[in-house]
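Chemist: Those protein sequence lines, which keep their order, are chains A and B. Just so we're aligned, residue 0 is where the first sequence starts under numbering that gives the first Met the number 0, counting upward by one. Just so we're aligned, residue 0 is where the second sequence starts under numbering that gives the first Met the number 0, counting upward by one.
These are computed hints drawn from the structure, not numbers from a lab. A couple of the hints might just be wrong.
Any copy will do: because identical chains look the same in the list, a pair fits if it lies in one copy or spans two.
What the hints assert, rightly or not - Below, simulated DSS-like cross-link-like pairs (lysine-lysine); rule was C-alpha separation at most 30 Å, straight line:
#	residue 1	residue 2
1	LYS199	LYS105
2	LYS45	LYS266
3	LYS258	LYS7
4	LYS105	LYS148
5	LYS183	LYS95
6	LYS95	LYS250
7	LYS95	LYS266
8	LYS183	LYS258
9	LYS266	LYS83
10	LYS266	LYS7
11	LYS83	LYS250
12	LYS258	LYS95
13	LYS183	LYS80
14	LYS250	LYS7
15	LYS227	LYS105
16	LYS105	LYS178
17	LYS183	LYS266
18	LYS178	LYS7
19	LYS232	LYS83
20	LYS83	LYS45
21	LYS95	LYS178
22	LYS250	LYS105
Quick caveat, the model's predicted, so the values are computed rather than measured.
Protein chains: 2
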Amino acid sequence: MNVIETIKEMQQTIITLRASGNRIGFVPTMGYLHEGHLTLMRQARKENDILIVSIFVNPLQFGAGEDLGAYPRDFEQDCVKAQKEEVDLLFYPSVKEMYPSASSVKVMVTDRTDVLCGRARPGHFDGVATVLTKLFNIVMPDRVYFGLKDAQQVAVVDGLIHDFNFPIELVPVPTVREKDGLAKSSRNVYLSPLERDQAKELYQGLQLANNMIEEGERNPESIVQLVKGHIEKHCDGVIDYVEIRTYPELKPVETIVGKVILAIAVKFSSARLIDNLILEIV
Amino acid sequence: MNVIETIKEMQQTIITLRASGNRIGFVPTMGYLHEGHLTLMRQARKENDILIVSIFVNPLQFGAGEDLGAYPRDFEQDCVKAQKEEVDLLFYPSVKEMYPSASSVKVMVTDRTDVLCGRARPGHFDGVATVLTKLFNIVMPDRVYFGLKDAQQVAVVDGLIHDFNFPIELVPVPTVREKDGLAKSSRNVYLSPLERDQAKELYQGLQLANNMIEEGERNPESIVQLVKGHIEKHCDGVIDYVEIRTYPELKPVETIVGKVILAIAVKFSSARLIDNLILEIV
Numbered sequence: 000m001n002v003i004e005t006i007k008e009m010q011q012t013i014i015t016l017r018a019s020g021n022r023i024g025f026v027p028t029m030g031y032l033h034e035g036h037l038t039l040m041r042q043a044r045k046e047n048d049i050l051i052v053s054i055f056v057n058p059l060q061f062g063a064g065e066d067l068g069a070y071p072r073d074f075e076q077d078c079v080k081a082q083k084e085e086v087d088l089l090f091y092p093s094v095k096e097m098y099p100s101a102s103s104v105k106v107m108v109t110d111r112t113d114v115l116c117g118r119a120r121p122g123h124f125d126g127v128a129t130v131l132t133k134l135f136n137i138v139m140p141d142r143v144y145f146g147l148k149d150a151q152q153v154a155v156v157d158g159l160i161h162d163f164n165f166p167i168e169l170v171p172v173p174t175v176r177e178k179d180g181l182a183k184s185s186r187n188v189y190l191s192p193l194e195r196d197q198a199k200e201l202y203q204g205l206q207l208a209n210n211m212i213e214e215g216e217r218n219p220e221s222i223v224q225l226v227k228g229h230i231e232k233h234c235d236g237v238i239d240y241v242e243i244r245t246y247p248e249l250k251p252v253e254t255i256v257g258k259v260i261l262a263i264a265v266k267f268s269s270a271r272l273i274d275n276l277i278l279e280i281v
Numbered sequence: 000m001n002v003i004e005t006i007k008e009m010q011q012t013i014i015t016l017r018a019s020g021n022r023i024g025f026v027p028t029m030g031y032l033h034e035g036h037l038t039l040m041r042q043a044r045k046e047n048d049i050l051i052v053s054i055f056v057n058p059l060q061f062g063a064g065e066d067l068g069a070y071p072r073d074f075e076q077d078c079v080k081a082q083k084e085e086v087d088l089l090f091y092p093s094v095k096e097m098y099p100s101a102s103s104v105k106v107m108v109t110d111r112t113d114v115l116c117g118r119a120r121p122g123h124f125d126g127v128a129t130v131l132t133k134l135f136n137i138v139m140p141d142r143v144y145f146g147l148k149d150a151q152q153v154a155v156v157d158g159l160i161h162d163f164n165f166p167i168e169l170v171p172v173p174t175v176r177e178k179d180g181l182a183k184s185s186r187n188v189y190l191s192p193l194e195r196d197q198a199k200e201l202y203q204g205l206q207l208a209n210n211m212i213e214e215g216e217r218n219p220e221s222i223v224q225l226v227k228g229h230i231e232k233h234c235d236g237v238i239d240y241v242e243i244r245t246y247p248e249l250k251p252v253e254t255i256v257g258k259v260i261l262a263i264a265v266k267f268s269s270a271r272l273i274d275n276l277i278l279e280i281v
């Protein structure tokens, strides 16, 4: 595995690799790699000739109240993990390399952001879309991999790739879960033992909703109330939202039909958990 | 010469062309081709294996008061001219092909726009940068060609390519002039015979400034006053601006040193003319 720290070396390397016909899979990350990232890497490893991972904690996507400085980092461990997944190139630029001076352009995400998690994080997805535009131009991948646990991020990236015509295939990867159904997340370690036990009820709530929709329920409000009731009954956490929207457009839904997402966010004492279910109803 | 109307066909064609090692030169236009465009094509033809021209009147870069509908078009004549310049591929998408639905993303140009011509056209350069981001991803050129007569546009494109890390070389092409020095423009036909004669004084003003700077003048205000005086004396047109700024950053200049632009805009009765001089003072 080669670690590359400059944009110029990365672009030159990629141009050479592409010229000899290699298909390039790309997993962009902010590092502190966990099972979710490794799952993306494994799938990208299988589907491409070259596997590239980037590690860059992007200041642009952190808000004023969000602590960029406290974001966990462990580059040495990340290297060990990436090597084990047979990553070919690890792109690890500094902030100065990515943003050498005030930028004269930025990407504004004008849709899909003022809902779900985006509501509480104005500007967050502009920062995500801006750094991805740069990374796409630096890594020039054929395929890019994102986890569906962050379904709104996948929706925003889908819009970015589609509306800007990036010649890139977006591969959304299903959420990896613990045995009891809890979506894997680096934040799970912040849960108390009682909260950790209760946290499985987010998944249980999604399953209840899934069953009810399979049985024919098409009223989003009934589903939302069912899930809210279940979580409130079984969890001490506070519900941030339970919403049903079209996917990936994230528009409101009056009747459950077509491709929809049921998305949940619940605040526990030291961790805010999210989960979702994406369904296609014909 | 092949005319391609869909994004998909264009991208597939380019991927094949690039795979066999072709270097691609790109001249984006809004059509109604004139000598300025043809000069760009000739240079691109010389420097690349494949020459691609796009014709697309981009609605995004027209403001509310600007008449998008009245923008001149002549696709048949454009085809004849492009063929003569040995263009390989002409990309000619419809508005619906480029903007099939409301876009979820746009490029915002946050610098270099609230000066010179940008001052009077809020949002204009956002539209330019957004469509170019799309065109760059569709055409995937090695080099892109722009005329230096629209020096502010070149500055914005320079920022777009540099700050978003597009793997593209920007080639700014010097302004093509009539025998008396008037910068060629499709707008020159709107000048009355008297105005056409006076219009050469824009270039004369730039030359006077050039001489004065060569003789050692370093005060921008003195140069601006000289040029304004010259134009006011010799033209019936009304000066919109005469400004000296750094290039391509377009920051104010206190002393003439480094790379600077002297830019002029003058309104005649039916045409607003622009011209500029870019100098590098060590």
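Chemist: Which numbered hints turn out to be false for this structure?
Modeler: 1, 2, 5, 7, 9, 10, 11, 15, 16, 18, 19, 21
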